[in-house]
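Asker: Here the protein sequences come in this chain order: S and A. The opening residue of the first sequence carries number 1 in the working numbering; numbering runs sequentially from there. The opening residue of the second sequence carries number 1 in the working numbering; numbering runs sequentially from there.
Check each hint, because a few of them may be wrong.
What the hints assert, rightly or not - Listed below are the simulated SDA-like cross-link pairs for lysine to any residue, each with C-alpha atoms no more than 20 Å apart in a straight line: (1) 10(A) with 174(S); (2) 10(A) with 106(S); (3) 10(A) with 151(S); (4) 10(A) with 26(A); (5) 10(A) with 107(S); (6) 39(S) with 73(S).
Said to hold, decoys possible - Footprint (simulated), chain A over chain S, 3 or more residues, beta carbon under 8 Å: (7) 18-30; (8) 49-55.
What the hints assert, rightly or not - Some chain S residues well away from chain A (every beta-carbon gap over 10 Å; in silico): (9) 78; (10) 127; (11) 130; (12) 149.
These are calculated hints, taken from the structure and not from any lab test. The beta carbon of each residue, even a glycine, is placed where N, CA and C say it ideally should be.
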Amino acid sequence: MRVGVVIFPGSNCDRDAMWAVERAGAEPVELWHADADLKGADAVILPGGFSYGDYLRPGAIARFARVMGPLERFAREGGPVLGICNGFQVLCEAHLLPGALLQNRGLRFVCRRVRVRVERADTPWTAACEMGEELTLPVAHNEGNYFADPATLARLEEEGRVVLRYLENPNGSASDIAGVCSEDRNVVGMMPHPERASDPLLGSEDGLGILCSVLAGVRA
Amino acid sequence: MRVRVLVRPKQGILDPQGEAVRSALPALGFEGVRSVRVGRLIELELESDAEVEAMCRRLLANPTTEEYEWEVVG
Numbered sequence: 001m002r003v004g005v006v007i008f009p010g011s012n013c014d015r016d017a018m019w020a021v022e023r024a025g026a027e028p029v030e031l032w033h034a035d036a037d038l039k040g041a042d043a044v045i046l047p048g049g050f051s052y053g054d055y056l057r058p059g060a061i062a063r064f065a066r067v068m069g070p071l072e073r074f075a076r077e078g079g080p081v082l083g084i085c086n087g088f089q090v091l092c093e094a095h096l097l098p099g100a101l102l103q104n105r106g107l108r109f110v111c112r113r114v115r116v117r118v119e120r121a122d123t124p125w126t127a128a129c130e131m132g133e134e135l136t137l138p139v140a141h142n143e144g145n146y147f148a149d150p151a152t153l154a155r156l157e158e159e160g161r162v163v164l165r166y167l168e169n170p171n172g173s174a175s176d177i178a179g180v181c182s183e184d185r186n187v188v189g190m191m192p193h194p195e196r197a198s199d200p201l202l203g204s205e206d207g208l209g210i211l212c213s214v215l216a217g218v219r220a
Numbered sequence: 001m002r003v004r005v006l007v008r009p010k011q012g013i014l015d016p017q018g019e020a021v022r023s024a025l026p027a028l029g030f031e032g033v034r035s036v037r038v039g040r041l042i043e044l045e046l047e048s049d050a051e052v053e054a055m056c057r058r059l060l061a062n063p064t065t066e067e068y069e070w071e072v073v074g
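Can you build the whole structure from these sequences, using the hints too?
Answerer: Here is the structure:
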């Protein structure tokens, strides 16, 4: 199975994501932001970092990169897409996920491990996790404060689209939301970094389940 | 022609930057500031303002969290 990892100018978790994908048992495929196709990837990860220097707003410029055309088609056809941190911000800017990520409530860049609960195990990125399972994952972001209007929040809850919830909210996110999924459940965005918790050497393997999930759930 | 676009966090949206500035002002002796909103000023130089509205909607502002206004300034 091939898992594409998109590299924008300013991405800095791309190598980590590729390394973790390999460790999860899949073949990582580099996707350049200017590529016109997804090189046959069966799933795609938008990694963390500071695409286009975070200018304007995190993700605002990356959302119009050439590779995003084929990626949006892939996502709308049901292909599994995971956005981690800056990748989550890009997916929100691209309207593949609802809401937006605001500056952290505490005004500080937050870089530490947090406890999150897996609220949904029925997405291609959480299928290998247990419903209600608690994970310890690192976060490292300045704009991770999830915002959506009350109607959207209510819909997300009603449709079971809150995928990860903070047990200790580090950034002021609405309803402690750490990750959400699309209506079709195939597109998932999360602020925590599962790739940074994919080896005992890194202090935790709790993120490996997220990266392994897609191996089992890949569409035929 | 020059166009000035002002992008601000929507009313009701937490603006931690504005909040930090608001709490710093009294520390300098400037009392009575009830609220501060910090926005972003974008100046464009272009041939025509026909597409500025679309630029604002598609890129310069995120309508989920921000409001914008623009004017021709020269």
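Asker: Is residue 127(S) truly not at the interface, in the sense that its beta carbon sits beyond 10 Å from all beta carbons of chain A?
Answerer: holds (29 Å)
Asker: Counting residues of the segment 18-30 of chain S with a beta carbon closer than 8 Å to any beta carbon of chain A, are there 3 or more?
Answerer: Violated: only 0 residues of the segment 18-30 of chain S have a Cβ under 8 Å from chain A.
Asker: A cut-off of 10 Å on Cβ-Cβ distance, and residue 149(S) was said to be off the interface with chain A. Does that hold?
Answerer: Violated, since 8 Å does not exceed 10 Å.
Asker: Given the hinted pair residue 10(A) and residue 26(A), is their Cα-Cα distance within 20 Å?
Answerer: violated (24 Å)
Asker: If you draw a straight line from the CA of residue 10(A) to the CA of residue 106(S), is it 20 Å or shorter?
Answerer: holds (19 Å)
Asker: Are residue 39(S) and residue 73(S) close enough, with their CA atoms no more than 20 Å apart?
Answerer: Given pair residue 39(S), residue 73(S) holds - Cα atoms ~14 Å apart, limit 20 Å.
Asker: Is residue 10(A) close enough to residue 107(S), meaning Cα to Cα at most 20 Å?
Answerer: holds (18 Å)
Asker: For the pair we were handed, residue 10(A) and residue 151(S), check the Cα-Cα distance against 20 Å.
Answerer: holds (16 Å)
Asker: Since residue 130(S) was said not to touch the interface, does its Cβ keep a gap of more than 10 Å from each Cβ of chain A?
Answerer: Correct as stated: the minimum Cβ-Cβ distance to chain A is 32 Å, above 10 Å.
Asker: Next pair to validate is residue 10(A) with residue 174(S); report whether the Cα-Cα distance is within 20 Å.
Answerer: holds (16 Å)
Asker: Say whether it holds or is violated: residue 78(S) keeps its Cβ farther than 10 Å from all Cβ of chain A.
Answerer: Given a closest Cβ separation of 25 Å, the condition holds.
Asker: Check, residue by residue, whether the segment 49-55 of chain S contains three or more positions whose beta-carbon lies closer than 8 Å to a beta-carbon of chain A, and give the verdict.
Answerer: Result for this restraint: violated, n = 0.
The structure fails to meet hints 4, 7, 8 and 12 from the earlier list, while all remaining hints are met.
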